[in-house]
Amino acid sequence: MADSQQNAGQAPPVEVHDLTVSYDKKPVLWNIDVAIPEGQIVGIIGPNGAGKSTLIKAMMGLIPAESGWVRIYGEPLARQRHLVGYVPQRESVDWDFPVTVRDVVLMGTYGRLGLFRRPGRPERETCDRCLEQVGMASYANRQIANLSGGQRQRVFLARALAQESRIYFMDEPFVGVDAATEAAIIELLRSLKNQKRTLLVVHHDLQTAADYFDSILMLNMRLVAFGPTSEVFTTELLQKTYGGRLTILAEAAEQVAGTRR
Amino acid sequence: MGPEFFILADATNSSLWSQVVRFWSFQDRAVQTATAGMLLLAISSGTLGCFIVLRRLSLLGDSLGHAVLPGVCLGFMVHWTKDPLWILLGATGSALLASWMIGFIRRHSRLKPDAIMGLVLSGFFGVGTVLLTRIQNLPVGNQSGLNQFLFGQASAISEQDLWFMGTLSLVIVSCVMLAFKELVLTSFDEGFATAIGLPVRGLHYLLMGLTALAVVISIQAVGVVLVSAMLITPAATALLCTDRMRYMVLIAVACAVLAGLVGLNLSFLGRTLPTGPFVVLALALIFVAAYLFSPRYGIVARAVRRLRQAQKTARENGLKSVFLASPHDAPASGVGLETLTKARREEPGATVRMVRALARRGWVTQEGNHVALTDAGLIRARELDRNYRLWEQFLTDEVQLPADHTQRDAENLEHILEPDLVRELEARFKERHG
Numbered sequence: 001m002a003d004s005q006q007n008a009g010q011a012p013p014v015e016v017h018d019l020t021v022s023y024d025k026k027p028v029l030w031n032i033d034v035a036i037p038e039g040q041i042v043g044i045i046g047p048n049g050a051g052k053s054t055l056i057k058a059m060m061g062l063i064p065a066e067s068g069w070v071r072i073y074g075e076p077l078a079r080q081r082h083l084v085g086y087v088p089q090r091e092s093v094d095w096d097f098p099v100t101v102r103d104v105v106l107m108g109t110y111g112r113l114g115l116f117r118r119p120g121r122p123e124r125e126t127c128d129r130c131l132e133q134v135g136m137a138s139y140a141n142r143q144i145a146n147l148s149g150g151q152r153q154r155v156f157l158a159r160a161l162a163q164e165s166r167i168y169f170m171d172e173p174f175v176g177v178d179a180a181t182e183a184a185i186i187e188l189l190r191s192l193k194n195q196k197r198t199l200l201v202v203h204h205d206l207q208t209a210a211d212y213f214d215s216i217l218m219l220n221m222r223l224v225a226f227g228p229t230s231e232v233f234t235t236e237l238l239q240k241t242y243g244g245r246l247t248i249l250a251e252a253a254e255q256v257a258g259t260r261r
Numbered sequence: 262m263g264p265e266f267f268i269l270a271d272a273t274n275s276s277l278w279s280q281v282v283r284f285w286s287f288q289d290r291a292v293q294t295a296t297a298g299m300l301l302l303a304i305s306s307g308t309l310g311c312f313i314v315l316r317r318l319s320l321l322g323d324s325l326g327h328a329v330l331p332g333v334c335l336g337f338m339v340h341w342t343k344d345p346l347w348i349l350l351g352a353t354g355s356a357l358l359a360s361w362m363i364g365f366i367r368r369h370s371r372l373k374p375d376a377i378m379g380l381v382l383s384g385f386f387g388v389g390t391v392l393l394t395r396i397q398n399l400p401v402g403n404q405s406g407l408n409q410f411l412f413g414q415a416s417a418i419s420e421q422d423l424w425f426m427g428t429l430s431l432v433i434v435s436c437v438m439l440a441f442k443e444l445v446l447t448s449f450d451e452g453f454a455t456a457i458g459l460p461v462r463g464l465h466y467l468l469m470g471l472t473a474l475a476v477v478i479s480i481q482a483v484g485v486v487l488v489s490a491m492l493i494t495p496a497a498t499a500l501l502c503t504d505r506m507r508y509m510v511l512i513a514v515a516c517a518v519l520a521g522l523v524g525l526n527l528s529f530l531g532r533t534l535p536t537g538p539f540v541v542l543a544l545a546l547i548f549v550a551a552y553l554f555s556p557r558y559g560i561v562a563r564a565v566r567r568l569r570q571a572q573k574t575a576r577e578n579g580l581k582s583v584f585l586a587s588p589h590d591a592p593a594s595g596v597g598l599e600t601l602t603k604a605r606r607e608e609p610g611a612t613v614r615m616v617r618a619l620a621r622r623g624w625v626t627q628e629g630n631h632v633a634l635t636d637a638g639l640i641r642a643r644e645l646d647r648n649y650r651l652w653e654q655f656l657t658d659e660v661q662l663p664a665d666h667t668q669r670d671a672e673n674l675e676h677i678l679e680p681d682l683v684r685e686l687e688a689r690f691k692e693r694h695g
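Quick mapping for you: the protein sequence lines, in order, are chains A and B. Read in order, the letters of the first sequence correspond to residues 1 to 261 in the working numbering. Read in order, the letters of the second sequence correspond to residues 262 to 695 in the working numbering.
Here chain B stands alone, though its shape is the one from the complex (with noise of 0.2 Å):
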């Protein structure tokens, strides 16, 4: 262990309680450190996760960020010792090279990208495990901390390091802010940017290479093998809860950067527990959290909206059917629940429910057993009948179904048919029936 870990570790003898105020007080200089290097790598790897998603190169993430292992490994035996500048040079030569290869191999093999790609990550996590263990066996001191970069310990990060990761991420940051909008269009649409001359290739180069170092950024805190989380699962998230870009990398960021402290401080509680599971486990259950209660995008919302339908259309229903079951020439007089219930072919105690959610909508009043519609009842009944008639007679007209399987389509569809559309449907009608 390295002498700036035990700084950490030492808080594990007070109570737990104190070590999360330790913690959330950011008053000690590692918890400091450690902290502005996740709040680094988790803004680079927010924004660009969100390309890398939208581009689907969600696999490319992830074998850049294995394939980095060998040349951290090579920058560590130029000094033999954890010098940042040549693990962030070697790191970043191997991630190019990966993705050299991966381009190479495509053009000339019919393997298609998602082998290649896993060929690639395989290859390049393999040499790179061979060579940390032999570095790990060779009597030189210097290498600890060295294996934390399989799966990343924050409290590693040295105040040397945090400057690379400051200038990294700048360069990140100011990169993607200058080429926002080419680097959304050729994502959007590739052709159409290449026909008004943006320069697309240079653009895709640009994202890989600044992919490769949000990658180098995080092995430290994160690690190789779960490097590519903090790409793509905070962007993915991201993309449940938003419809614009803008706000999707935002989010993402957000996401990335709470993960980063849960975790942080997750790891930090557990004496020499990695950092990189915890972050990721933090990203998971947000992930989870905006999969289950994202307001447009999350299933409880998408349920709540199928039941509000599926209500309106038994409301409207029994809107309907309190019409029909009226006087034709004197709608308003109402109906008497018995004759409703038997019309509605059901228990007298649904059909009671039934008026009862009718009343408090203000279509029906109630005065002992007799129902009848009140004015907006009656416009909206009218209306309703309106549109399952027109839906009907089109079925019957244009598509021209046998008049036995229109009514089943007609019933579900004017609950939900829009103002434009039975505009439509009425000029047609008129024209064909005058």
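For reference, chain A alone in the conformation it holds in the complex (with noise of 0.2 Å):
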């Protein structure tokens, strides 16, 4: 723990080298390396198909890489997965399974209080602060099925707020939520970039993305170009990673995954 806090100092919070990832056998990344600094909100934005959530998992080891290493302040992640919080696609879970709203957030504890260990007090009491953080006070004791779009991205807000991580990964965080959400979310991802935290969000809305991010990292399969927003934030670049699909890297990738089924 002492060393982590002492390299937190220099290592930058995510640092991918040489990441190639495939899915069922085909190449969904080639070769990404980047740094990202501290204390930043960080758009990841590309066409469909470009690999965007692909990255963020294979960062937090959720899909396992084929090549490269990701180093989370400078240590393997196996080690600092305590410092990485997590907001899913809202999309990836069955949302009439039977939990409230409390049952969901207090899933972000879980890591903290490790295997077997019941919530207690502190950690009803760290979930109650994180739900009125996103205004969700009012909806503790409902069944999430009941919940509208807007109201459902809040609470993995609030499941990711109780994390109290140093690293925030999202997936898709803007999509499908009303306008008063989408307001509330970035408000909160200003606050959590003012305490210093590091968060890399996944989107794909062009009209809002010089608006939201410090950086952005500009994807197509490969890593196009990674900058401080004004600075890559160009029709040039643009054009580059949206305009056309890079027909050879598309093209190798089904080759692979030809010869290896």
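Please keep in mind that the hints were generated in silico from the structure rather than gathered at the bench. Fair warning: there could be bad hints in the mix.
As the list claims (entries may be wrong) - In silico lysine to any residue, SDA-like type, Cα no more than 20 Å apart, as pairs:
| hint | chain 1 | residue 1 | chain 2 | residue 2 |
| --- | --- | --- | --- | --- |
| 1 | A | 25 | B | 364 |
| 2 | A | 26 | B | 617 |
| 3 | B | 603 | B | 617 |
| 4 | A | 193 | A | 250 |
What the hints assert, rightly or not - Which residues of chain A face chain B? A few of them, derived with a C-beta cut under 10 Å, are:
| hint | residue |
| --- | --- |
| 5 | 30 |
| 6 | 57 |
| 7 | 87 |
| 8 | 96 |
| 9 | 124 |
| 10 | 256 |
From the three backbone atoms N, C-alpha and C, an ideal C-beta is built for every residue, glycine too.
Build the complex from these two chains, which are given one at a time in their own frames, with help from the hints.
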């Protein structure tokens, strides 16, 4: 712990080296190299199928990498999981599951609690505070099926807040939410940033991208550009990211998959 | 038939009623053993079934149930006797082999899980049936009761079996209680569980292993063919009754216990009838009852809610028609019944009934042929009228529907708009129209 605290001073929150990831034997990300600076809101943008979700999942070790490595504050991920918070895509879970809003937010404290230990009063207090922060305190005892899209997103955010992490990975948090929720989310992200947290946000709305993010990572199966928004959010780089698929990479991926099946 | 079997069958000479009494007084040692076994397996499979159903692994439960048969036969063939230890080992072994095969075929073929499970389920069951037939045709005297593994016979549970069942149930229940929060989280959101470092794979195998154990302790009383019903039906019933995981487990266990006892009693009354089908029958009846009468998700409750909403809409439309037919400058002064009937374009009788319903509600008073709004009625009518206009305005302003498209929608929505949304609509209206 003392070690990682010390490293925190120098090493970047997330460092990715030569990361290649395959999905169902087909490479979807090629040789990604990037170091994310601390205390920024970083947008990950790119066309459909560019590997945006795959990138953050691989960074968190949810999908095994074919090659390359990921370090969190200079250490392998396995030792640093407690520093990493996650907001999955809303559609990734079954919202008919028999749990309440409070149950879901409490799940954010499970990583700290450790195996087999039950959440107690401190965890419930954390949970209530996080619900308050996203404006969902009055919904604590609701079954999650009865929530709107925006409310579900807020519940997932509250769960991530309950993780009390230093790095947050968020998969399309703005998709399908109402304007009020979108404003609330961006406000929340900014307040996290002010507390020196680092946020990586998968995003697909170019209209708002320049406004929301300090840095932007442009992705289309490989890293197209990464840097401060003012420098990389240019017509030229956007065209490079979105304009036409990289036929060579896509075809090579198909052929790699073919030889492995 | 084994000797322990006759203890129960003897009772069939006496009257049906006295047998019912004999069963439910639990004084008979054979009844006690069978009941204890049934309780143990009901608790185990009721608990695990909840996770199986929520993880959409119901078909896997069914596959494991069928897959234990060859193992049971092989276990019997070790000493050519119904030694519970070997039968247990054989059953567990073949359940594990089956689940490994399902995973293996899935990784190395283009087949989808449902086809693979169907394949493995029938394959194992076929092998098991062949072995069972072979054993029954052999000239050894000990195979009695082995065929009961197909459809279950609770009275064949020996006291030695009971010890095994008890130990395994204890293992199952304590594992689930210990890892409850982990099992719930991995079932709900596997990605998040992995991200926070939970041993997701380990928990999956734990659950599969425990399910195999639950199947093994169930086959004596319920039989391999129907054992999956013991996992799936109680959990499915419970899911129709509650929105909390904890209660779901408790309700599932209660259903399994109830069905187990009823099924046991029925098979006991009918001399040599197998237990499994009766237990499953009782489970199915409980499920149908929940499907019909569950307070939240039952179809009766849903129909009642729809009916109430329809009544509310009709009542509120009635109130609005009184409001609109009354003089605009003095709405509380009321309106004649005849005018109202004409405005509503209906039969006089319908108007009278409507007015009577409003009067019961305290919204109008009726004197002779004159109907007048009360204070409460006036408040509600104004509220409805305003909601209607707000919504209509919203549709014209922001959704930009042409005026002739807005009316129907507005009429439906004014009855269900919640206060929050009404405030939001008001704010938008003020923004646009000042």
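Looking at the structure, which of the earlier hints fail to hold? 2, 4, 5, 9, 10
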